[in-house]
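Colleague: Spelled out, the chains give:
There are 2 protein chains.
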Amino acid sequence: MKKTNVCYFQSGGPTAVINSSLYGLLLGAKEKESSIGEVYGSLDGIEGIIEDRLIPLSSLSEATVSLLPQTPGVFLGSSRFKLHEDQQIWEKITKTLQKHDISLILANGGNDSMDTCDKLSRHLSDLGIRVVGIPKTIDNDLVLTDHCPGFASAAKHVINQVKLISIDAHSYKKGKVVIIEVMGREAGWLAASADLLPKPYHPDLIYLPEGEFSEREFLTEVQNQYERKGTCVVVVSEGIPVHHETLALYDSFGHASPEGAALELGKLVNKKLGLGVRTVILSTPVRANPFLTSKVDSEEAALLGKEALFAGLNGDTGVMVALERVSSSPYRCNVKKVKVGEVANKNRLFPKDWILSSSSMSNEFHEYLLPLVQGGIDVRMDESGCFLAARLEKK
Amino acid sequence: MKKTNVCYFQSGGPTAVINSSLYGLLLGAKEKESSIGEVYGSLDGIEGIIEDRLIPLSSLSEATVSLLPQTPGVFLGSSRFKLHEDQQIWEKITKTLQKHDISLILANGGNDSMDTCDKLSRHLSDLGIRVVGIPKTIDNDLVLTDHCPGFASAAKHVINQVKLISIDAHSYKKGKVVIIEVMGREAGWLAASADLLPKPYHPDLIYLPEGEFSEREFLTEVQNQYERKGTCVVVVSEGIPVHHETLALYDSFGHASPEGAALELGKLVNKKLGLGVRTVILSTPVRANPFLTSKVDSEEAALLGKEALFAGLNGDTGVMVALERVSSSPYRCNVKKVKVGEVANKNRLFPKDWILSSSSMSNEFHEYLLPLVQGGIDVRMDESGCFLAARLEKK
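Heads up: the sequence lines are chains A and B, in that order. The numbering of the first sequence is the working numbering, which starts it at 2 and goes up by one. The numbering of the second sequence is the working numbering, which starts it at 2 and goes up by one.
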């Protein structure tokens with residue numbers, strides 16, 4: 002039987018476990034050694050396929066592979082390139098794939114990447130090239146999967162940071178209003194995670210993009226909490242509807258930074274209530290902290306990497322591997338396959354009926370999240386007290 | 002022999018290991034059981050003594066005590082109250098101390114607190130009450146000690162965050178200018194710590210309050226680095242001389258937040274160079290992260306808590322226990338006692354001759370810091386994936 006050559010790429014924003022999916026895939030490739038020729042890694046997402054920048058992943062040392070689960074960032078490089086009906090681009094893609102005799106593409110990403118996946122599978126089916134998607138996103142906003150690899154570790158980071166910031170804030174009798182901002186432009190899953198904290202660490206207020214938000218009510222709530230307790234800890238998704246003017250920073254594409262809601266609210270509290278404020282924007286460490294990677298998350302990411310490979314080897318195409326929860330207690334998830342076209346460009350928001358008030362989420366959410374944040378990974382350190390990371394010497 | 006009653010208080014900003022000093026002190030008290038009556042904890046720093054809010058620390062459960070080394074914040078509550086020549090205050094202090102028959106005060110804090118310590122020891126010597134200081138500060142700015150408990154864990158947090166933010170930032174081919182802001186108003190020890198990172202994780206630029214900073218040169222450096230590498234990672238102390246206008250938040254005392262230098266620089270880069278920017282202000286987790294507490298730091302904090310108790314029991318007063326380095330490799334520090342009046346209100350800045358350029362510190366600094374960030378502590382977790390913390394049920 003002819004051996005299959007595989008091409009894997011990573012796409013979209015980093016998560017703490019995207020490289021665990023690569024790790025799982027490589028373990029799977031070893032198991033299926035007899036039916037696999039080479040697994041290529043495409044550098045910088047789909048761009049590596051377009052520009053013929055592939056590297057044989059068999060060239061990675063065992064030491065490098067073993068570090069993947071604790072390596073933040075996107076190991077092979079990412080891209081936000083969007084595939085359009087550009088004939089030249091498609092010719093380049095086909096050329097690279099044929100040159101390396103690739104008949105299976107594995108794409109690891111979020112909903113934009115699943116759109117890429119969908120287009121690839123439709124364009125390449127005539128050539129007998131199969132395409133399977135592997136989900137990842139800290140935003141937890143993919144449909145047709147119980148949850149997304151990357152979310153639970155980010156949630157665990159949020160829970161722990163909110164607890165330690167809250168304890169820190171309570172060090173003084175006369176406290177401040179502390180406003181903690183968490184990633185999430187449209188979906189509030191991550192900010193909602195802070196609801197898992199018990200009293201007295203539980204935030205006084207939690208605002209998600211999916212919930213109600215009015216400045217007037219926000220100020221009243223803060224005032225009430227502060228009068229009662231001498232402090233007030235607020236957690237907000239970056240995407241809550243406040244007008245941004247303070248931060249106004251731009252990224253490489255000239256897009257305004259989505260960050261800054263906390264700063265606006267902080268200024269409001271300063272000005273309208275005259276209370277002291279501290280703002281903490283959790284920022285990129287949310288998606289890149291090996292010390293708070295969830296074991297369940299890391300293992301599921303690896304499992305999905307492996308299962309995507311197996312699905313592709315078995316002839317599946319145009320599908321994404323996904324998680325289907327069998328039970329929460331004891332926790333058990335099965336792997337299923339869903340049509341990637343039904344995942345692409347859709348957003349799963351935090352269920353409105355799980356928001357009970359401006360300070361609490363439903364028990365259903367707790368049951369949903371609790372099993373996902375269990376356990377950690379052993380992080381190997383270097384001699385300067387820093388975590389070790391796998392590193393790619395790019396061509 | 003009459004048993005000694007001791008009163009301990011914590012003061013100033015939190016560090017990751019201030020509660021380790023309390024832990025060490027309590028271990029020491031157990032060792033000297035026969036000569037100690039009660040160890041009282043004063044709530045909210047010196048305010049607890051003024052207002053007679055002391056709690057017997059023998060009432061803490063073993064479980065609570067065992068969690069102190071992984072508990073962020075200031076366990077007994079802190080205060081920034083400054084002692085002046087106010088007769089009424091001194092009468093209250095004396096009254097509380099006499100009521101509880103206290104003859105030894107242990108004060109755990111930074112240079113403001115050592116001033117309090119100095120005043121207490123001079124005012125109370127006639128009453129036969131001894132006062133011993135225990136250093137703590139993430140700023141590492143106390144004189145007459147090799148380094149300060151709390152600094153090394155904060156440095157370890159900085160090193161790890163800069164590495165993971167840097168890896169995250171390199172996930173895209175077309176990168177951003179990433180500006181990471183680290184605590185340090187006057188002393189740049191913490192920002193300098195990022196220099197311990199090897200390439201390719203080493204920041205491209207590091208600016209301390211003690212070094213040179215001009216906007217023009219900063220922009221030239223950023224431009225050069227970005228052209229060469231497609232990204233640029235900058236680490237700055239919050240105290241570098243840039244005009245703050247963006248953040249402009251106020252604390253409970255109406256003081257402007259010292260944070261925000263990164264935002265100003267980010268806007269400058271956006272505006273003058275037209276490059277994409279991400280800013281990350283590391284904020285309070287720097288001083289409160291149990292997952293990156295250094296073992297050496299934790300153990301030294303505990304040792305100094307214990308040694309301060311022993312010094313006081315032996316009749317010392319008006320002193321602070323301090324660290325004296327015997328050698329860096331192998332690392333060994335002795336405990337010495339220094340006059341607290343010579344520590345109070347002084348600032349030890351980062352040595353100017355350890356700043357070699359806008360991107361590197363001297364080898365002497367590496368030799369100084371490296372042994373301090375070694376090892377970690379085992380962090381016990383709860384069932385929601387969060388670190389456990391000791392908690393005081395305040396009266």
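Honestly, I wouldn't trust all of these hints.
Which copy is meant is left open, so a pair is good if it fits within one copy or across any two.
[Stated by the list, open to error] List of simulated lysine-lysine pairs, DSSO-like, C-alpha gap at most 27 Å: (1) 296 with 120; (2) 230 with 83; (3) 4 with 347; (4) 174 with 96; (5) 296 with 100; (6) 340 with 175; (7) 174 with 31; (8) 200 with 338; (9) 273 with 353; (10) 96 with 272; (11) 4 with 175; (12) 93 with 175; (13) 96 with 175; (14) 273 with 340; (15) 174 with 93.
Honestly, the hints are just simulated from the structure, not real lab data. Source: prediction; values computed, not measured.
Colleague: Give a verdict on every hint.
Modeller: Going down the list of hints, with the structure as the test:
With identical chains, the CA atoms of residue 296 and residue 120 are never at most 27 Å apart, being 33 Å at best within one copy and 52 Å at best between copies. Taking the shortest alpha-carbon separations for residue 230 and residue 83, only the inter-copy value of 24 Å comes in at or below 27 Å, while the best intra-copy value is 50 Å. In this homomeric assembly, residue 4 and residue 347 never come within 27 Å of each other (Cα to Cα): the closest approach is 35 Å inside a single copy and 72 Å across copies. Taking the closest pair of Cα atoms, residue 174 and residue 96 come within 27 Å of each other only across two copies (23 Å); inside a single copy the shortest separation is 67 Å, beyond that limit.
Neither within a single protomer nor between protomers do residue 296 and residue 100 lie at most 27 Å apart by alpha-carbon distance, with minima of 39 Å and 53 Å respectively. For a Cα distance limit of 27 Å, the shortest separation of residue 340 from residue 175 qualifies neither inside one copy, at 55 Å, nor across copies, at 32 Å. In this assembly of identical chains, the alpha carbons of residue 174 and residue 31 never lie at most 27 Å apart, being 58 Å within a copy and 30 Å across copies at closest. For a Cα distance limit of 27 Å, the shortest separation of residue 200 from residue 338 qualifies neither inside one copy, at 40 Å, nor across copies, at 41 Å.
In this assembly of identical chains, residue 273 and residue 353 lie within 27 Å of each other by CA distance neither inside one copy nor across copies; the values are 29 Å within and 43 Å between. When the C-alpha separation of residue 96 and residue 272 is checked against a cutoff of 27 Å, the pair qualifies neither within a copy, at 61 Å, nor between copies, at 41 Å. When the C-alpha separation of residue 4 and residue 175 is checked against a cutoff of 27 Å, the pair qualifies neither within a copy, at 69 Å, nor between copies, at 36 Å. Within a single copy, residue 93 and residue 175 get their C-alpha atoms only as close as 64 Å, which misses the 27 Å cut-off; across copies the closest is 21 Å, which meets it.
For the identical chains of this complex, residue 96 and residue 175 are inter-copy neighbours only, at 25 Å across copies versus 67 Å inside a copy, given an alpha-carbon limit of 27 Å. In this assembly of identical chains, the alpha carbons of residue 273 and residue 340 never lie at most 27 Å apart, being 51 Å within a copy and 47 Å across copies at closest. Taking the shortest Cα distances, residue 174 and residue 93 sit within 27 Å of each other only across copies (19 Å), while inside one copy they are farther apart (65 Å).
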